[in-house]
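Plus 8 on top of the position in the sequence shown (first one is 1) and you've got this note's numbering.
Please keep in mind that the hints were generated in silico from the structure rather than gathered at the bench. Keep in mind the model is a prediction, meaning the values are calculated, not measured. Mixed in with the good hints there might be a few duds.
Below are the DSS-like pairs computed for lysine-lysine, each with C-alpha atoms no more than 25 angstroms apart in a straight line [as the list claims (entries may be wrong)]:
hint, residue 1, residue 2
1, Lys-11, Lys-39
2, Lys-59, Lys-39
3, Lys-59, Lys-45
4, Lys-11, Lys-45
5, Lys-59, Lys-11
Quick list of simulated restraints, FRET-style, between CB atoms [claimed, not checked]:
hint, residue 1, residue 2, range
6, Ala-104, Gln-52, 31 to 39 angstroms
7, Gln-22, Glu-88, 14 to 22 angstroms
8, Arg-63, Asn-27, 16 to 24 angstroms
By construction, the Cβ of each residue, glycine as well, lies at the ideal position given by its N, Cα and C atoms.
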Amino acid sequence: MRKGFDGLAVLVQQVLAQNPHSGALFAFRGKRGHLVKLLWFDGQGLCLFSKRLDRGRFVWPVTATGTVTLTPAQLSMLLEGIDWRRPERTFTPTLAG
9 MRKGFDGLAV LVQQVLAQNP HSGALFAFRG KRGHLVKLLW FDGQGLCLFS
59 KRLDRGRFVW PVTATGTVTL TPAQLSMLLE GIDWRRPERT FTPTLAG
């Protein structure tokens, strides 16, 4: 994914028909699925966050409209490379006593 601030802001406007300065967070995934970029406006300017996974791919939501709303927990899992649709508990509590 080669797009930066301006290229992603244009995608938000033209493809998603949204305002990149609205304060919403916009996520974009690269073709191979191991790179994600987040674009948002913090009130002063555009911010761009980029993350590349060394192993695996980001689990991406399937949508017909091009947009999906994620909770903060779902976004956190997505950025960790966890399948946020079916999170699995990694710690199983034992019975007390």
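Of the hints given before, which are not true for this structure? Result: hints 6, 7 and 8 break, sorted rising.
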